[in-house]
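Which chain is which? The protein sequence lines are A and B, in order.
Heads up: the first sequence begins at 1 in our numbering, then just goes up one per residue.
Heads up: the second sequence begins at 1 in our numbering, then just goes up one per residue.
If you are wondering where the hints come from, they were derived from the structure by calculation, not from laboratory data.
All values derive from a computational prediction rather than experimental measurement.
Wrong hints could be hidden among the right ones.
Unchecked claim - Calculated lysine to aspartate or glutamate pairs in the DMTMM-like style (CA-CA distance at most 20 Å, straight line):
| id | chain 1 | residue 1 | chain 2 | residue 2 |
| --- | --- | --- | --- | --- |
| 1 | A | Lys43 | B | Glu187 |
| 2 | A | Lys43 | A | Asp230 |
| 3 | A | Lys43 | B | Asp146 |
| 4 | B | Lys103 | A | Glu252 |
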Amino acid sequence: MSRVGTVAARIGIALLYVFILAPIVLVFAISFSGDNFIAFPPKTWGVRWYVALFAHEGFARGFRVSLTLASIVVALDLLVGVPAAYAIARLRFPGRDALLAFLTAPLLLPTIVLGLAMLLVFYPLRLAATYPGLVIAHMAVTLPFVVRIVATALSTLPGDIEDAAATLGASPATVFRRITLPLMLPGVVAASALAFILSFDEVVISLFVVGPRLSTLPVELFRYVEGRTDPMVAALSTVLILATVSAVLIVERSVGVMRALGR
Amino acid sequence: MADDRPSQPGLAATLSLPAIAAVSLGFLLPVLWLARMSVNPTEPGGVLREGWTANQYVELFTDSFYAELTLASLQMSATATLCALLVGYPIALFLYRLESRWKTLLVLLAICPLLVSGVVRAYGWIVILGDAGWINSMLRGAGLIDRPIRLVNNHIGVTIGLTESLLPYMTLSLLAGLGRLDRGLEEAARTLGASPLRTFLRITLPLSLPAVVLGSTICFMLAVSAFVTPRLLGGGRVLLLATEIYEQALVTLNWPLAAAIAMALLALFSVVLVASGRLQRRVAE
């Protein structure tokens, strides 16, 4: 290719990257605005919106709810997901593929449909706007990832070491505790981090199953953006992005993001 | 490896029972309930009554509002998918050809919107496209306009926001497809004297078509069901199937109608999936 062509192509690619990254970078920049409303570039700069953010009651409450919720969801996901993943990856039984298909089926449905469906079923069961309701809702969309990631991690591990341990006289429980569990730990860590991020960021399904007395951070954020536009959202977003990046780094460290996304 | 392990259906059932219960409660039961709700009658004032009626579906198919809504959803999804393809293809091709130690970083940057909440990205687009946003103040500073041009709360804003949110999925699909491509074919064409453009049009593009179809399908499905971006960047003025489900369920409180629209959306989904499956088979041949 000619030199001019190469340079033009490079500039084109750079512009496409600007398109991808602009909204995220500008959110970061405007979080240091000192103005009363969104204007870019801001007339004044400062950290007043960070100060306002940490004094905002609704966001503080939403943050606590989301943190609690994501922790419970991850714990229960692991409790019910890891045994199922072990069965799928390590045991032989009829209907194994059907089981995996069933456990990952919630991912096929648009979240707007799933959210509505949960509202309709939770309302008569008095689960709407309760912790159990929110936990069930978030588990439906995070458990599929946990099962798939842990099952994939297990099936790529060679079974030889486990066989050797069993041959040398270790009981099945010992083999699981001393061999299988440590080997599958990176997969479990990745699955936990991903489930945590997905639950912590989930907004569409949550919109349907939260109430005035129990609301998550993303829902509060959504309502705030819907109603008003001032730079406080940018300050909150910056904090959230930094939190997500740290979580991603943990995943990257243990297994790699690409594998965690199941590709 | 020959599978000589004994079959252990009992143990497998015990281990997977809790997960099956969780998915049944959080997925199967709600979806069945949704289907049932869509044929419940509504009384004036929104009171729910158990019963059987096809009223909601009759309304869906006779009221031209829903035909327009469906058409608007399909149009918006097709446009955003096409835009994502036009932006994603050059990026994927660039990343596929790139041999540099920055490659992993550039791949991560290309898919990083995936890791940022949709609400945050929509807000970022308001900062860029809003009346006092980046683009309008640049155009004003250059003296090109004296009144801000409307770029959000309409179809333009939704299309831009949706395109950006689909892009990572498109780029990943294309990248996966290009990764399976035999580089030797491109080199052979070049050695035999084909120009870069000709090599691309006759070798690279046709061989990447299955990935294009797959990526477009994924993006189209995501676009049809997208809610956060159309709601926040459309400002209530861009009406689509997904926003109407929300409106009927949480504002108008007509649950049977919301359920019927959701069922229609699922039907649309299945049609697109089947059509795309056929297209993929034809492209692969």
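We went through each hint and held it up to the structure:
no. : hint                : verdict
1   : A/Lys43 - B/Glu187  : violated (54 Å)
2   : A/Lys43 - A/Asp230  : holds (14 Å)
3   : A/Lys43 - B/Asp146  : holds (19 Å)
4   : B/Lys103 - A/Glu252 : holds (15 Å)
Going down the numbered hints, you'll see the structure goes against just number 1.
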